[in-house]
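Numbering of the sequence shown is given in this note's numbering, commencing with residue 439 and proceeding in unit increments.
Keep in mind that the hints are not guaranteed to be accurate.
Stated by the list, open to error - Okay, the calculated beta carbon distance ranges per label pair:
1. GLU718 with ASP639: 52 to 60 angstroms
2. ILE617 with GLU531: 13 to 21 angstroms
3. LYS588 with TRP641: 22 to 30 angstroms
4. SER671 with GLY701: 16 to 24 angstroms
What the hints assert, rightly or not - Distance condition first, Cα-Cα at most 25 angstroms in a straight line; then the derived SDA-like pairs of lysine to any residue:
5. LYS518 with VAL454
6. LYS606 with ASN512
7. LYS681 with MET659
8. LYS660 with TYR600
9. LYS450 with SER502
10. LYS604 with GLU621
11. LYS697 with ILE522
12. LYS614 with LYS712
13. LYS668 with PHE482
14. LYS649 with GLN689
15. LYS681 with LYS625
16. LYS518 with LEU497
17. LYS479 with LEU519
18. LYS518 with THR441
19. LYS465 with LEU561
20. LYS566 with ILE596
21. LYS465 with LEU475
22. LYS518 with LYS588
23. LYS588 with ARG635
24. LYS614 with VAL577
25. LYS614 with LYS625
26. LYS465 with ILE522
27. LYS697 with ASN509
28. LYS710 with MET659
29. LYS562 with LYS518
30. LYS640 with SER671
31. LYS668 with VAL627
32. LYS562 with GLU613
33. LYS712 with ILE702
34. LYS697 with THR441
35. LYS681 with ILE717
36. LYS562 with TRP641
It should be emphasised that the hints constitute simulated quantities derived from the structure, not laboratory data.
Idealized CB from N, CA, C, for every residue including glycine.
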Amino acid sequence: MSTFMFRSKPLKFTPVSNVFIERYMPKARGEFIKVYLLMLKYNFTGEPGVNSTVLATTLNLLESDIINALNYWNEEGIIKLLPIDNMGNFHIEFIDLSEEGTSNVDKFNLVEELTDNSNGYMLKDIGKLLGRTLSPSEVETYIGWKKDFKFSSELILILIEYCASKGKTNFRYIEKVAIAWNEMNIKTVDDAQNYIRKTEDKWGTYREILKFLGIRNTDIMKPQEDLLEKWTSTYGYSLEVIKKACDICFQRLNRADFKYIDGILSSWNKDKLKTLEDIEKKEANFKNSSNKKAFNNSKNNNKPKLRFDNFKGREYDYDDLEKKLLGWDTDD
439 MSTFMFRSKP
449 LKFTPVSNVF
459 IERYMPKARG
469 EFIKVYLLML
479 KYNFTGEPGV
489 NSTVLATTLN
499 LLESDIINAL
509 NYWNEEGIIK
519 LLPIDNMGNF
529 HIEFIDLSEE
539 GTSNVDKFNL
549 VEELTDNSNG
559 YMLKDIGKLL
569 GRTLSPSEVE
579 TYIGWKKDFK
589 FSSELILILI
599 EYCASKGKTN
609 FRYIEKVAIA
619 WNEMNIKTVD
629 DAQNYIRKTE
639 DKWGTYREIL
649 KFLGIRNTDI
659 MKPQEDLLEK
669 WTSTYGYSLE
679 VIKKACDICF
689 QRLNRADFKY
699 IDGILSSWNK
709 DKLKTLEDIE
719 KKEANFKNSS
729 NKKAFNNSKN
739 NNKPKLRFDN
749 FKGREYDYDD
759 LEKKLLGWDT
769 DD
């Protein structure tokens with residue numbers, strides 16, 4: 439169960455941005471919209487926080503629906519989820535959508551730039567990839583990347599195609615990817631292709647793990663992604679070892695639990711167990727040790743202990759006792 443803390447001032451009404459209604463609401467799933475509006479209402483009415491169980495009960499949804507919805511809006515860039523701790527609790531901030539489309543790029547003569555055929559072809563191809571007409575702010579931003587980020591038209595098209603292949607055609611999401619590429623110094627087509635190849639290989643492994651856990655939606659939250667990164671990169675565990683930890687989790691809890699699985703893998707990593715053979719050998723040694731201990735305990739407990747077990751009995755001369763009892767010990 440996750441708890442989300444608000445940073446807000448109380449209002450008696452819930453203002454909903456027209457940008458949300460016009461741009462984000464039409465393409466979002468119904469349950470995601472319900473979660474956003476209810477969270478927005480709590481935010482503006484001064485609630486200090488709310489947990490996922492209350493949200494799920496109020497909206498007649500599953501807690502996983504709540505998490506998926508918040509993760510979706512976080513990726514769309516209209517809320518920010520800021521981790522409070524490692525227990526799945528977050529601060530949540532709602533983005534002011536009135537600033538949608540603003541850009542920090544240096545201003546330039548847009549009309550002049552559009553007379554450049556390379557820009558015109560690029561924008562036309564972007565529109566095809568996204569399946570929609572570009573807004574003026576998008577046009578300005580994409581051309582601005584060429585000047586501020588030193589991105590070529592080919593690199594921008596690869597970036598857009600990469601986002602579209604993941605089903606992410608939202609302007610804010612694409613902008614976040616462009617900023618990240620610039621910070622990672624991805625400046626050429628080869629840089630982009632190498633990055634995408636590594637990312638796809640990584641997410642291919644992630645998808646296998648999530649599928650094994652019964653999670654079909656790969657839109658997981660950042661803390662879960664961080665754990666997957668730790669298991670595969672920091673610990674360097676193979677898919678088979680991670681599945682083994684997942685199996686143990688299922689056997690003990692009868693459900694998938696990222697933190698429990700992380701505890702198992704962290705313990706194995708601490709004990710320097712890196713392969714299935716290492717783990718099975720450790721389990722066999724533990725089982726043999728447990729069986730031996732149980733056998734010794736059983737052996738010692740077969741004969742019940744009495745209060746007088748430590749009492750040292752007296753020694754008697756039974757022949758002498760018999761003579762005394764029969765009176766033969768006296769001489770006539």
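Hints, verified against the model:
1. GLU718 with ASP639: 52 to 60 angstroms: The hint (52 to 60 angstroms, Cβ to Cβ) is violated, given that GLU718 and ASP639 are roughly 28 angstroms apart.
2. ILE617 with GLU531: 13 to 21 angstroms: holds, 18 angstroms
3. LYS588 with TRP641: 22 to 30 angstroms: holds, 27 angstroms
4. SER671 with GLY701: 16 to 24 angstroms: holds, 18 angstroms
5. LYS518 with VAL454: holds, 17 angstroms
6. LYS606 with ASN512: Satisfied, since the Cα-Cα distance of roughly 12 angstroms is no more than 25 angstroms.
7. LYS681 with MET659: holds, 20 angstroms
8. LYS660 with TYR600: Given pair LYS660, TYR600 holds - Cα atoms ~20 angstroms apart, limit 25 angstroms.
9. LYS450 with SER502: violated, 29 angstroms
10. LYS604 with GLU621: Measuring from Cα to Cα gives roughly 21 angstroms; hence the hint holds.
11. LYS697 with ILE522: Holds - the C-alpha atoms of ILE522 and LYS697 are around 16 angstroms apart, at most 25 angstroms.
12. LYS614 with LYS712: violated, 36 angstroms
13. LYS668 with PHE482: Judged against 25 angstroms, a Cα distance of about 37 angstroms means the pair is violated.
14. LYS649 with GLN689: holds, 17 angstroms
15. LYS681 with LYS625: Given pair LYS681, LYS625 is violated - Cα atoms ~37 angstroms apart, limit 25 angstroms.
16. LYS518 with LEU497: Holds - the C-alpha atoms of LEU497 and LYS518 are around 21 angstroms apart, at most 25 angstroms.
17. LYS479 with LEU519: It holds: about 17 angstroms lies between the C-alpha atoms, which stays within 25 angstroms.
18. LYS518 with THR441: Between LYS518 and THR441 the Cα gap is close to 14 angstroms, so the pair holds against 25 angstroms.
19. LYS465 with LEU561: holds, 22 angstroms
20. LYS566 with ILE596: holds, 13 angstroms
21. LYS465 with LEU475: holds, 15 angstroms
22. LYS518 with LYS588: At roughly 28 angstroms apart (the allowed maximum being 25 angstroms), LYS588 and LYS518 break the hint.
23. LYS588 with ARG635: holds, 22 angstroms
24. LYS614 with VAL577: Given pair LYS614, VAL577 holds - Cα atoms ~16 angstroms apart, limit 25 angstroms.
25. LYS614 with LYS625: Holds, at about 16 angstroms.
26. LYS465 with ILE522: violated, 30 angstroms
27. LYS697 with ASN509: Given pair LYS697, ASN509 holds - Cα atoms ~19 angstroms apart, limit 25 angstroms.
28. LYS710 with MET659: violated, 29 angstroms
29. LYS562 with LYS518: violated, 32 angstroms
30. LYS640 with SER671: holds, 9 angstroms
31. LYS668 with VAL627: violated, 29 angstroms
32. LYS562 with GLU613: holds, 18 angstroms
33. LYS712 with ILE702: holds, 12 angstroms
34. LYS697 with THR441: holds, 16 angstroms
35. LYS681 with ILE717: holds, 13 angstroms
36. LYS562 with TRP641: Violated - the C-alpha atoms of TRP641 and LYS562 are around 30 angstroms apart, more than 25 angstroms.
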